[in-house]
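S.K.: Take these sequences, add in the hints, and give me the full structure.
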Amino acid sequence: GAVVSQHPSWVICKSGTSVKIECRSLDFQATTMFWYRQFPKQSLMLMATSNEGSKATYEQGVEKDKFLINHASLTLSTLTVTSAHPEDSSFYICSALGTSGSFYNEQFFGPGTRLTVL
Amino acid sequence: GENVEQHPSTLSVQEGDSAVIKCTYSDSASNYFPWYKQELGKRPQLIIDIRSNVGEKKDQRIAVTLNKTAKHFSLHITETQPEDSAVYFCAASITQAGTALIFGKGTTLSVSS
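Each protein sequence line maps, in turn, to chains A and B. According to my numbering, the first sequence is numbered sequentially starting from 1. According to my numbering, the second sequence is numbered sequentially starting from 1001.
Everything labelled a hint here was simulated from the structure, so no lab data went into it. For glycine and all other residues, C-beta sits at the position ideal for the given N, C-alpha and C. Treat the hints with caution; some may be incorrect.
[Stated by the list, open to error] Label-pair ranges, simulated between beta-carbon atoms:
id: 1; chain 1: B; residue 1: S1112; chain 2: A; residue 2: D65; range: 46 to 52 Å
id: 2; chain 1: A; residue 1: P86; chain 2: B; residue 2: K1071; range: 37 to 43 Å
id: 3; chain 1: B; residue 1: E1015; chain 2: A; residue 2: P8; range: 36 to 42 Å
id: 4; chain 1: B; residue 1: T1095; chain 2: A; residue 2: Q42; range: 21 to 27 Å
id: 5; chain 1: B; residue 1: D1017; chain 2: A; residue 2: S18; range: 45 to 51 Å
id: 6; chain 1: A; residue 1: F39; chain 2: B; residue 2: P1008; range: 18 to 24 Å
id: 7; chain 1: B; residue 1: R1051; chain 2: A; residue 2: D65; range: 34 to 40 Å
id: 8; chain 1: B; residue 1: A1097; chain 2: A; residue 2: G16; range: 34 to 40 Å
id: 9; chain 1: B; residue 1: H1007; chain 2: A; residue 2: E59; range: 21 to 27 Å
id: 10; chain 1: B; residue 1: V1020; chain 2: A; residue 2: S83; range: 43 to 49 Å
id: 11; chain 1: B; residue 1: T1010; chain 2: A; residue 2: D27; range: 34 to 40 Å
id: 12; chain 1: A; residue 1: Q42; chain 2: B; residue 2: H1072; range: 20 to 26 Å
id: 13; chain 1: A; residue 1: P40; chain 2: B; residue 2: K1058; range: 30 to 36 Å
M.R.: The following block contains the structure:
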């Protein structure tokens, strides 16, 4: 099956700093990737849709200036949490949408990144 | 936009019993309905899915049914085992449009031996 990686798998940072999370599709191209956030004992909430070569589309209530998304290639999307605060502590999961063959329009999830802001 | 409701939020069964989790969706254009199992701290794992041109799909102990008219779909697990204990999420999306999966709130299934 298709493989999606995320880096880092966990990160601890101080309040006010910025953190970058990478999402890579390893064996397929993904023009579209999605970023989700999951708080403890809650569901995955869609934050934004990341499209290669264009601006991301953010869900209502998600601050685009705080959660910067860059999808510079067909295999890489990055999420930068700027000026992180303790309330941003969460599990961030990306998914990549397959574009061809047996992967067409299937979503494949990365392993997630645990962010803890002190 | 799409809204997915999932019930129950928690479900406790004895080993060997069946478990049923139900979801409803709001967008009639949705045509893809996967179910995920998530263990603590890990990514969701796809366990079964169904598309809107099918009413039922089965894979060993797991089955999913879809009622497009009523806009609801259900997960059925038979002969439950302790290792089935996890959080289960239903989701919905429109595959042709390449839309994101919208998830239900999840069901914590506990199977006691």
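S.K.: Take the hints in turn and mark each one as holding or not.
M.R.: Results for each hint:
no., hint, in the structure
1, S1112/B - D65/A: 46 to 52 Å, "holds, 48 Å"
2, P86/A - K1071/B: 37 to 43 Å, "holds, 39 Å"
3, E1015/B - P8/A: 36 to 42 Å, "holds, 38 Å"
4, T1095/B - Q42/A: 21 to 27 Å, "holds, 26 Å"
5, D1017/B - S18/A: 45 to 51 Å, "holds, 49 Å"
6, F39/A - P1008/B: 18 to 24 Å, "holds, 20 Å"
7, R1051/B - D65/A: 34 to 40 Å, "holds, 38 Å"
8, A1097/B - G16/A: 34 to 40 Å, "holds, 39 Å"
9, H1007/B - E59/A: 21 to 27 Å, "holds, 24 Å"
10, V1020/B - S83/A: 43 to 49 Å, "holds, 45 Å"
11, T1010/B - D27/A: 34 to 40 Å, "holds, 37 Å"
12, Q42/A - H1072/B: 20 to 26 Å, "holds, 22 Å"
13, P40/A - K1058/B: 30 to 36 Å, "holds, 33 Å"
Hint violations for this structure: none, all hints satisfied.
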